[in-house]
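Please take these sequences and the hints and turn them into a complete structure.
Under this note's numbering, think of the first position of the sequence shown as 54, with each following residue one higher.
It should be emphasised that the hints constitute simulated quantities derived from the structure, not laboratory data.
We put the beta carbon where it would ideally sit given N, CA and C, even for glycine.
Certain hints may be false.
To be verified - DSS-like, lysine-lysine: derived pairs with alpha carbons at most 30 Å apart: (1) K65 to K247; (2) K215 to K68; (3) K59 to K247; (4) K288 to K324; (5) K393 to K68; (6) K215 to K145; (7) K288 to K247; (8) K288 to K96; (9) K393 to K187; (10) K324 to K65; (11) K96 to K65; (12) K393 to K354; (13) K288 to K68; (14) K68 to K145; (15) K288 to K59; (16) K65 to K393; (17) K324 to K68; (18) K145 to K354; (19) K96 to K354; (20) K96 to K145; (21) K187 to K247; (22) K324 to K215; (23) K96 to K187; (24) K393 to K324; (25) K68 to K354; (26) K187 to K324; (27) K288 to K65; (28) K187 to K59; (29) K215 to K65.
Said to hold, decoys possible - Pair by pair, the computed Cβ-Cβ distance ranges are: (30) S383 to Q160: 46 to 56 Å; (31) Q273 to D218: 12 to 22 Å; (32) D271 to G69: 23 to 33 Å; (33) D271 to N154: 42 to 52 Å.
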Amino acid sequence: MAPSVKNDLFLKALKGEPVSRPPVWMMRQAGRYLPEFREIRDKYDFFTRCQTPELASEITVQPIRRFGMDAAILFSDILVVPQAMDIEVEMKPGVGPWLPNPVRSVQDVDRVRIPDIQESLGYVMDAIRMTNEKLDGAVPLIGFAGSPWTIFCYCVQGQGSKNFDLAKSFCFTDPTAAHDLLQKITDTTIAYLKAKVEAGVHAVQLFDSWGGMLSPADYQEFSWQYLQQIVTALKPLTPVIVFGKGCWFALETMAQSGASALGVDWTCSPKTARMLSGGQITLQGNFDPARLLSPPETIRKMVHGMIREFGVDRYIVNLGHGILPNVPVSHAGAFIQAVKDYHEG
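Next comes the structure, spelled out in structure tokens:
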């Protein structure tokens with residue numbers, strides 16, 4: 054289980070307890086904008102980095118060493134889950150995720166297996182234990198998974214897409230097969246996240262990166278009901294954060310789910326997010342990642358304004374999506390430091 058930590062700001066915010074300042078971390082903080090990450094990237098391919106605990110743990114702690122965020126997030130990828138389910142996933146340079154044999158028929162769905170997590174994803178649990186050793190109780194460690202809908206999108210589309218038309222078409226033309234695949238992904242994800250908690254993460258985050266592709270009604274049917282299953286299964290064990298990009302329309306439903314916090318992207322104002330979520334749940338976000346290209350002094354002013362709008366309590370400072378690879382390191386540092394320097398008044 055998760056070891057105790059010296060800096061518990063993040064855990065307090067998840068519980069809704071009063072804090073001196075809001076905690077801060079950044080989605081994709083262990084990544085391409087850091088020169089020390091790029092050194093490792095140049096030596097090892099993407100999934101080798103994910104599947105080698107020594108590399109994954111080192112990449113996870115790099116931003117903590119450099120900036121001292123209030124939480125670390127394990128370096129991994131949402132697509133290790135379909136890999137474990139016997140769906141081949143490659144990472145093609147210049148293309149991104151590439152699935153050479155997408156799931157597009159009932160027969161394809163039948164071939165997808167629910168794996169033994171320790172057998173197929175044990176390397177992730179080893180990375181968690183190794184990361185906690187390296188962190189030595191400095192800050193909490195976050196584990197994560199993609200939402201079943203987001204994983205489904207890649208499994209059916211076969212690659213990234215602007216509209217995931219093939220994935221949506223599969224749902225609308227063969228909903229029974231689509232729901233069978235979504236349920237298999239959900240069952241695997243629940244087992245995977247439970248194993249992560251057992252290995253020592255302090256909280257988990259669910260990324261519904263493509264939830265905003267669906268209408269509100271279709272979101273309930275093809276995404277939210279599966280996310281709710283995961284939240285219900287995990288909430289007795291650990292705090293759960295749900296982040297749905299473009300899913301502001303579901304904030305009210307999400308707030309009643311039992312999740313500890315909800316991520317908000319930059320297209321939804323703090324005031325609107327508080328109103329839609331009922332004002333009683335911790336929110337996380339929602340700085341536009343591209344705004345980290347602004348001058349550091351502008352970043353500082355905008356971060357302080359964002360904290361004032363969200364309020365200090367029940368709030369975790371973050372970006373509204375993952376950090377961009379072309380963000381200057383000093384600008385990322387300015388973002389983190391602005392939060393640390395924040396005082397009410």
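- Message: With the threshold set at 30 Å, check whether the alpha-carbon distance from K324 to K65 stays at or below it.
- Response: holds, 22 Å
- Query: Taking 30 Å as the top limit, are the C-alpha atoms of K288 and K324 close enough?
  - Reply: Holds, at about 27 Å.
- Straight-line Cα separation of K324 and K68 no greater than 30 Å? Status holds; Cα separation ~21 Å.
- Message: Please check whether D271 and N154 have a Cβ separation lying inside 42 to 52 Å.
- Response: Violated: the Cβ-Cβ distance is about 26 Å, outside 42 to 52 Å.
- Given hint K324 paired with K187 - CA-CA distance at most 30 Å: violated, 38 Å
- Query: When you check the alpha-carbon spacing of K215 and K65, does it fall within 30 Å?
  - Reply: Given that 30 Å is the threshold and the Cα spacing comes to 37 Å, the pair is violated.
- Query: Does K393 pair with K187 here, judged by a C-alpha cut-off of 30 Å?
  - Reply: Holds: K393 and K187 sit about 23 Å apart, inside 30 Å.
- Query: Does K393 pair with K68 here, judged by a C-alpha cut-off of 30 Å?
  - Reply: Answer holds: K393 to K68 is near 20 Å, not above 30 Å.
- Query: Taken at face value, is the distance from the CA of K247 to the CA of K288 at most 30 Å?
  - Reply: holds, 10 Å
- Below or equal to 30 Å on CA atoms is what counts here, so check K215 against K145. At roughly 17 Å apart (the allowed maximum being 30 Å), K145 and K215 satisfy the hint.
- Take a look at whether the Cβ-Cβ distance between S383 and Q160 falls inside 46 to 56 Å. holds, 53 Å
- Beta-carbon spacing of Q273 to D218 - inside the hinted bounds 12 to 22 Å or not: 20 Å Cβ-Cβ, so the 12 to 22 Å window holds.
The earlier numbered hints that this structure contradicts are 2, 8, 11, 14, 18, 19, 26, 29 and 33.
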